[in-house]
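Peer 1: So the protein lines, in turn, are chains H and R.
Count along the first sequence from 1, add 21, and you get the number used in the UniProt record's numbering.
Count along the second sequence from 1, add 21, and you get the number used in the UniProt record's numbering.
Careful: at least some of the hints might be erroneous.
Each pair may be met inside one copy or between any two copies, as identical chains are not told apart.
Capping the alpha-carbon separation at 25 Å, the derived lysine-lysine pairs in PhoX-like fashion look like this [claimed, not checked]:
id: 1; residue 1: Lys330; residue 2: Lys344
id: 2; residue 1: Lys363; residue 2: Lys32
id: 3; residue 1: Lys302; residue 2: Lys344
id: 4; residue 1: Lys302; residue 2: Lys176
id: 5; residue 1: Lys331; residue 2: Lys232
id: 6; residue 1: Lys331; residue 2: Lys32
id: 7; residue 1: Lys331; residue 2: Lys252
These are computed hints drawn from the structure, not numbers from a lab.
The structure presented is a predicted model; accordingly, all values stated were derived computationally and were not measured.
2 protein chains.
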Amino acid sequence: GLAAPAIAQNKRELKMVTAWPKNFPGMGVGAERLAKRITEATDGQLSVRVFAAGELVPPFEIFDAVSSGTAEMYHGAEYYWPGKSPAFNFFSAVPFGLTAAENNAWIYHGGGQELWDELSAKFNVKAMLVGNTGVQMGGWFNREINTLEDLKGLKMRIPGLGGEVLRRLGASTLSLPGGEIYPALQSGAIDATEWVGPWNDLAFGFHKIAKFYYYPGFHEPGTSFSVGFNKGAWEGFTPAQRQILQNAAAAENDYMLAEFNARNGAALKTLVNEHKVQLRKFSDDVMKEIGRVSGETIAELAAGNEDVKKVYDSFIDFRANAKEWANISENAYFDSRNLDYKYTK
Amino acid sequence: GLAAPAIAQNKRELKMVTAWPKNFPGMGVGAERLAKRITEATDGQLSVRVFAAGELVPPFEIFDAVSSGTAEMYHGAEYYWPGKSPAFNFFSAVPFGLTAAENNAWIYHGGGQELWDELSAKFNVKAMLVGNTGVQMGGWFNREINTLEDLKGLKMRIPGLGGEVLRRLGASTLSLPGGEIYPALQSGAIDATEWVGPWNDLAFGFHKIAKFYYYPGFHEPGTSFSVGFNKGAWEGFTPAQRQILQNAAAAENDYMLAEFNARNGAALKTLVNEHKVQLRKFSDDVMKEIGRVSGETIAELAAGNEDVKKVYDSFIDFRANAKEWANISENAYFDSRNLDYKYTK
């Protein structure tokens, strides 16, 4: 290693460009916490400076900024750059795919990280997990969705693969930045929107302008966020620094999901008890067909694209085992816990 | 901070006593990984030396060893020291309580850590989360459990609060160290045992000597492990060192659960397909009554013990919200994902 005096002199600022508005609940706060974890753990030797969306580069250009070395790090979501490769979708959210816990299992211990490294390296990036929303909500709707027929002609704000799935079922889907969603829904320009979950949705006030709040969020069952480093910068860090960065990212991955789960539980209570929001579960008939089209959509992404196919094959195998394990662990436990018995005094 | 040359001279060994055999899958491996995360992140400035169960002190004496300063850190489970206070149970596992994700939410963002700090401080310890098994299995049984009547007289190895719950339902429960379980089940000295989940259970070979593998593990729906520091040692670390230790612990908390989920999925497949293990779900009638008695048991712990009551009240409130949120997020998603549709090509 470096001699001690050299370390003291080598204080270095790392620019972290993010896809989030400043202090945005969940993701923006998580980015700030990550910066603090790194800066404090290195005693300022690596000092992370956070740039909100648009401050240094626009939100969807953070990947390019890190790839080219304009910034050392990004904090975003891999499904924001499907134009680089559709394979990136698998490292953020897949309709009817893995939950947060299952995704962590695949990435950390199921070969996911190695496939991700191989893909990112083509763009001069080293990326890792840094947070998760957990299961999102299906969204806010101005009318009920009882049958597949009700999806036809529905104008809904839903980006990414989820949007593609609903488009195949006759909906007219579009992507809108956060700030434009509320007025669009209020004016009737759109009939529905998905956002995140109770915590973020309550803050946005969607309950004031939409009647029905649907679940579950089949399109994003556990959306992962990631921190990506410029590969040259990554390789230039000392082994101790790389360990600090990996520990900080994994700690934040744990911490952000926990925050969503804690705040969603409390916000759901407020939405239902105070704002009298009408919760609706998508019917099994609707979910079955959406499930089929979700599978079809990602299979088509894999067909004829070697990069996607490699990731897809690993993902599909892992999902099969994960599904069986979920059924006899969490799913079975939730069912038992929900039975009618007295638990509290 | 210290001047640079002083840092270089100040290499310090931290003794970490654990409750696990050397390289024990899951927990033992997690303890080694935690040591590596800390040692590497500090570039050896804090060098963690891992002691397997019994090497320095017996497994259930690790808390006392850290409290007194014989060792700087322990890696164990808080429900191993109910004799100090029954309140510690809430920071590891509660029958019909929180899952891993819910527990993280309570500890990190729901007031749990503050209550834990208050409790641990009474014993000169500062503790934090460092891993989780996820939902455990209900256990291995030599005969079927169809009704509550079948629990009467059942001789089962099940420690802790889960054991107390089954005892109230007429079972004869006991605690046995890992190494004594297999021969006891083989000889018929016991009729049943719980252990962890498919990954650990497969390694132990229980499928060779018990017919039925029951789920879900109501008694340990998300067992947390913890790292505890001697409070004086903790307060003597620099802010940067404390940040490194917290990041390493939270990173490992994320990583260990992911490993259980990844390996359990694969091991379950082996148990069912290769070893023809008969999976059985506890009936709703049995689960309902066990749920009621679980609630009764922990309420009694809280009655007349101020330390327990404080933790219990926070836990019960958090559980109510968590249960509602689970129902419209993960639970609803699992149900939809399980519908009959074609997902793969």
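Peer 1: Could you figure out if lysine 331 and lysine 32 sit no more than 25 Å apart (CA to CA) within one copy, between two copies, both or neither?
Peer 2: neither (40 Å within a copy, 45 Å between copies)
Peer 1: Checking an output row: lysine 302 and lysine 176, CA cutoff 25 Å. Within, between, both or neither?
Peer 2: within (19 Å within a copy, 43 Å between copies)
Peer 1: When Cα atoms must be at most 25 Å apart, do lysine 331 and lysine 232 count as within-copy, between-copy, both, or neither?
Peer 2: Result: close neither inside a copy nor across copies, 42 Å intra and 39 Å inter.
Peer 1: Classify it for me, lysine 331 with lysine 252: is the Cα-Cα distance of at most 25 Å met within a copy, between copies, both or neither?
Peer 2: within (22 Å within a copy, 49 Å between copies)
Peer 1: With 25 Å as the alpha-carbon cut-off, assign the pair lysine 330 and lysine 344 to within, between, both or neither.
Peer 2: For lysine 330 and lysine 344, only the intra-copy Cα distance (21 Å) is at most 25 Å; the inter-copy one is 38 Å.
Peer 1: Checking lysine 363 and lysine 32: alpha-carbon separation at most 25 Å within a copy, between copies, both or neither?
Peer 2: Intra 58 Å, inter 54 Å, cutoff 25 Å: neither.
Peer 1: Are the CA atoms of lysine 302 and lysine 344 at most 25 Å apart within a copy, between copies, both, or neither?
Peer 2: both (21 Å within a copy, 16 Å between copies)
Checked against the numbered hints given earlier, this structure breaks hints 2, 5, 6; the rest are met.
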